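The task is simple: from the sequences and hints, build the whole structure.
Number of protein chains: 4
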Amino acid sequence: MNKIRIGSVGLGRLGLQHAVNIASRVQHAELAALCDVDAAKLKEAADRIGVPRRFAAFEEMIACKDIDAVVLASPSALHTGQIAAALAAGKHVFSEKPLGVNVAECKEAEKAVEAHRDMVFMLGFMRRFDESYQYAHDKVAAGEIGKPILFRSYSQDPEKFIAGAIAFAPHSGGQFLDMAVHDIDLARWFVGSEPATVYAVGGCYAHDEFAASRDGDNVSCLMKFKNDCMVFLFAGRTAPHGYNVETEIIGTRGILRIASVPQKNLVEVLDGGGVRRECSQNFLERFDSAYVNELQEFVNCIIEKRKPAVTVYDGTRVSEIAYTCKAAFESGELIKF
Amino acid sequence: MNKIRIGSVGLGRLGLQHAVNIASRVQHAELAALCDVDAAKLKEAADRIGVPRRFAAFEEMIACKDIDAVVLASPSALHTGQIAAALAAGKHVFSEKPLGVNVAECKEAEKAVEAHRDMVFMLGFMRRFDESYQYAHDKVAAGEIGKPILFRSYSQDPEKFIAGAIAFAPHSGGQFLDMAVHDIDLARWFVGSEPATVYAVGGCYAHDEFAASRDGDNVSCLMKFKNDCMVFLFAGRTAPHGYNVETEIIGTRGILRIASVPQKNLVEVLDGGGVRRECSQNFLERFDSAYVNELQEFVNCIIEKRKPAVTVYDGTRVSEIAYTCKAAFESGELIKF
Amino acid sequence: MNKIRIGSVGLGRLGLQHAVNIASRVQHAELAALCDVDAAKLKEAADRIGVPRRFAAFEEMIACKDIDAVVLASPSALHTGQIAAALAAGKHVFSEKPLGVNVAECKEAEKAVEAHRDMVFMLGFMRRFDESYQYAHDKVAAGEIGKPILFRSYSQDPEKFIAGAIAFAPHSGGQFLDMAVHDIDLARWFVGSEPATVYAVGGCYAHDEFAASRDGDNVSCLMKFKNDCMVFLFAGRTAPHGYNVETEIIGTRGILRIASVPQKNLVEVLDGGGVRRECSQNFLERFDSAYVNELQEFVNCIIEKRKPAVTVYDGTRVSEIAYTCKAAFESGELIKF
Amino acid sequence: MNKIRIGSVGLGRLGLQHAVNIASRVQHAELAALCDVDAAKLKEAADRIGVPRRFAAFEEMIACKDIDAVVLASPSALHTGQIAAALAAGKHVFSEKPLGVNVAECKEAEKAVEAHRDMVFMLGFMRRFDESYQYAHDKVAAGEIGKPILFRSYSQDPEKFIAGAIAFAPHSGGQFLDMAVHDIDLARWFVGSEPATVYAVGGCYAHDEFAASRDGDNVSCLMKFKNDCMVFLFAGRTAPHGYNVETEIIGTRGILRIASVPQKNLVEVLDGGGVRRECSQNFLERFDSAYVNELQEFVNCIIEKRKPAVTVYDGTRVSEIAYTCKAAFESGELIKF
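Protein chains in written order, with the working numbering: chain A, 1 to 337; chain B, 1 to 337; chain C, 1 to 337; chain D, 1 to 337.
One should not assume that every hint holds.
Simulated restraints, written as ranges between beta carbons of each label pair [unchecked claim]:
1) E144(D) x N282(C): 21 to 31 Å
2) K3(B) x F161(A): 53 to 63 Å
3) A327(A) x G272(D): 38 to 48 Å
4) I303(D) x K305(A): 32 to 42 Å
5) D38(A) x K307(D): 32 to 42 Å
6) K3(B) x N282(C): 28 to 38 Å
7) K226(C) x E330(D): 11 to 21 Å
8) F161(A) x K226(B): 22 to 32 Å
9) F337(B) x K41(C): 25 to 35 Å
10) K307(B) x K41(C): 27 to 37 Å
11) R54(A) x K307(D): 53 to 63 Å
12) I49(A) x K226(B): 50 to 60 Å
13) K336(D) x V37(C): 47 to 57 Å
14) K305(C) x D208(D): 11 to 21 Å
Which residues of chain B face chain A? A few of them, derived with a C-beta cut under 8 Å, are [stated by the list, open to error]:
15) F168
16) S220
17) K226
18) D228
19) T238
Note that these hints are calculated values from the structure, not bench results. On a predicted model such as this, the values are computed, not experimentally measured, just so you know. Cβ coordinates follow ideal geometry from the N, Cα and C atoms, glycine included.
Next comes the structure, spelled out in structure tokens:
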């Protein structure tokens, strides 16, 4: 079987991890090229991973005939443009979230994808590829917990990364866009319905800097979905203990909790602190295998001429919801979808 | 030291437990009399516990000179009348929640208490007397978790008691009044502030019977408190695993979770179900010692001529909030306090 | 019903707790008298608890007609003498462990008990009265875990109490006599058989002072019981996290673990230490209700003219086994019973 | 970098997994050939994985010039012969445990390895490559728990696989050789010392069939190591809940527990069984990534011309200890090394 030759764009923390994963952990894939505007970073990464072809310009990379697909981990504002260009150049596209920085852009991406129905397009909602989330979703899909009553999901970043979060705040779109977007995706996936209402609250509990972006360091929202399921989401930047992504689905016949203790491994420590589990500290650690699995699925879809379960419309829908949450937060009013 | 002679009213499940606790587990107290309109139930309980004096009429009981205090576990609609009468008769009063069945009644109770400032009046918010809740509250009060960001509290009754809940639904006032009232009390106690807004959702996920009372079998609400703390409450009647009262307080420097596994004891079972903890099944089991502790505090207050930390105004305030949650649930609209 | 009037002997930490429990937490009991050779300690305790009758001499106390029973928390070397004297004086006797400081003494105690078959005699194996141990024992007795394969039990005292343990070492009889004796009692109770062999190891890992008493700061033994069940016991003085008494029973159809996390309550803390449970720090905290329950059973046996399930022969047998463990530890050889 | 071309021998459950791992999960490696005497099994696996070169005869495979290394998952009795032959043919060798079926064979393997010091030889003690065991070992090595006092390790196979275990019993060497061998390896690795004494017990608690091989279905042993550390090992075939490999290291300053709940993932289920974690069911599931990591280390050693930390002498030593445990079990006597 010929390997899928992938050009990967963007060498931030996640982009770098995608590059390493493609090069060494995704089957039937080959890291054919790397692209980044930062020449030094590009050279360092390409040398280390062992990628001969390097591009400063995205357009040049997608002009290459022998590249089959691109992985976009570029700045969010570039996503929709690069999606359209790459599809037009005949490349399959895997894009990191968000699909676009506003809903209009998402609609543009939809058009591009619709114009190239023979190509594979996939969005990076990696949590769906975490084995624990998949295991829980299988149980829900099999009816093991009955009808969903309450879906609760948290995304908490450790306080120790707060400086970066503050610096990025003016560009992040806020906690709902930047963090809760994954929880919104999970809510739609698990609940199988769409939000009907949203009320959002929050504030700057430890770091007033977020107020300048009309955001909070911790926010939450309560939504009612069209099938009546209650959805409560919480996103925060000040977790004292680690990177805490946890989800609970309360059903009429059973309850599932995913990662309610964000333990980094199976070691339990008994010392002056009591009996304790040390915690994962960031998304790359917690979702290490999920990042591999999602790219594997992307590659498998290309090979098997299938379409991923995550569609471009999921990207638009999640963005719409996140923007509505943000509007609810900013206005302090209940919003009906 | 002379014992405080208590007359206890009402022999439902909780009233019976109060009677047993006074008779045998509360120091410096004596169960002097029992009162219930059901003659058979009264005889059975009084014989078993060993209480010579029995009353069908509350008025007769409080006419007794040698009774120092009354414990009210009577039907909610009788509370405020009995409170006023007992205080007027010179008895200290411990009343089960709710203070009254509407806010007007609560205000009547306030007046009665204010008219007898030399008497001890206490409301049965027993969770404050659970050792785990007290331990957590001490930590919060000591500033160990910093400023509160999110307060989340669940009250879930097991599905197996659903028939009783349905039968009682027309009289219960709904889940916010009947169940979440304890969570509202905890929220005010832990957060140290009052609600500013509330949005409430829910529905009949398994049992349509609750709709007739404009209620759901599971409900939740998101509030913003005046000090900006987010408060999320969930109350449900269909828990598959047991009686699940859990609370989380996320602060800027630490997070506390109380009873996130509602384990009945310290036994872990490893069998075909995996590694598992069996759960408490009802409030009497979970809060067994809290029910003793609260009555002990009531008795201690009488002896030491102190006033309990839980005041009649807490009862009114919690009722007002619960009614507002109920109104928010019924209207589907955001309510600002 | 008349209350059982109890005279309590010895005002060390546990003796004091017994006194408080009798005075205020055990039903149908009355703390009629206190006895201790330390006059200051006696006055302080008796004043605080409110006990009018105080004795320096045990003989004087048991000469009182209106005392029904004695609770012995005196020095171990006095136990058998006091047991015999109290029984001869017509008093029911509850004695703390150990029954005697050697097996010959235990046999004396047996004779005294046999000579007064109308009196209640009970030994303080309090773990049998802990609700978690009782719950587990009920499951084992009901056959829920099948046939016992391995019984494992730990008794660990926190390092912070090491100074007291070292000071007491010459008189304690060693870890097997002083600590593992409770695990030996549990083993016989759960397994329902007697040891056939024992091999014991251990040493001074942190504190060489124990070597002077031919003991270790941490020791363990592996026994084979006559019904083939394997029994592994571990006793240590250097626990970094708290007072850790845990037990596991592996059966052919199920496994039970009691207190494998020695959590002090239901609060979980999430902070820089990860997700953690704070631990119980001493036996009085961990077995608070068990100490009440065992005295309640003692009193109930007196009232109901029953005999406790724990007999004087259990005391002798456990002592014999503990001495054999100690001999195995000292010799380094396998001992067959 | 050229890939290391590996020929893999044996297509049992573990052999098959090794083949898949080499083909798709180990970096810088290529599955060049497969070898098995079962032609049907060989064809099926080679077709599925996509390996063109297939061998019935091991000798033919190692005669190939373009094979760099072999992975041995063949029957235990063939290990030492194949190790010697492969090394003589200039191949690096990774062998599954056990090194040999008796100590004499192990010594033969040592000689073969010593005769080819330029080749990489590695034994499959995969637990050392599990991330949780590595994390714990790093803490121990860094002195975080002080001096080791007690090392306890369990290996339990689920009851549901008992038929296979009984069928294999005459050839397995018994529980100490077949299962506890991994715990012995861990003990030496964590404790950093060698056993001085061993006492072993056990029996047929559920399945008398093991008696015919002078073995039990569950066995345990207590060893004292030369540095005084106590070591307790337990191996069983009748676990009711799953595949339970857990380890505890009690030190003078801290305690570590690895996998004390053998949870299969991060999902917690709340249902009629209480709050529960579902368990891993077999070694391939539990040690999935460890099996990849150990082969990765093997390949990395070849590439970097390093020697693995696990040596042939570890294989001999572990076998010697396991045989001594077995002898102790069979004799019922204490054995001093």
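Okay, the hints, checked on the actual structure:
1. E144(D) x N282(C): 21 to 31 Å: holds (25 Å)
2. K3(B) x F161(A): 53 to 63 Å: Holds - the Cβ-Cβ distance for K3(B) and F161(A), about 60 Å, lies within 53 to 63 Å.
3. A327(A) x G272(D): 38 to 48 Å: holds (42 Å)
4. I303(D) x K305(A): 32 to 42 Å: About 36 Å separates the Cβ atoms of I303(D) and K305(A), which means 32 to 42 Å holds.
5. D38(A) x K307(D): 32 to 42 Å: holds (40 Å)
6. K3(B) x N282(C): 28 to 38 Å: Holds: the Cβ-Cβ distance is about 32 Å, inside 28 to 38 Å.
7. K226(C) x E330(D): 11 to 21 Å: holds (20 Å)
8. F161(A) x K226(B): 22 to 32 Å: holds (30 Å)
9. F337(B) x K41(C): 25 to 35 Å: Because 57 Å falls outside the window, the suggested range is violated.
10. K307(B) x K41(C): 27 to 37 Å: holds (36 Å)
11. R54(A) x K307(D): 53 to 63 Å: Since R54(A) and K307(D) have Cβ atoms about 36 Å apart, the given range 53 to 63 Å is violated.
12. I49(A) x K226(B): 50 to 60 Å: holds (54 Å)
13. K336(D) x V37(C): 47 to 57 Å: holds (49 Å)
14. K305(C) x D208(D): 11 to 21 Å: For D208(D) against K305(C), whose Cβ atoms are near 47 Å apart, the range 11 to 21 Å is violated.
15. F168: Nearest chain A Cβ about 20 Å off; hint violated.
16. S220: holds (5 Å)
17. K226: Where the cut-off is 8 Å and the nearest Cβ of chain A is about 12 Å from K226(B), the hint is violated.
18. D228: Holds, about 4 Å.
19. T238: holds (6 Å)
Violation of the numbered hints given earlier is confined to hints 9, 11, 14, 15 and 17; the remaining hints are satisfied by the structure.
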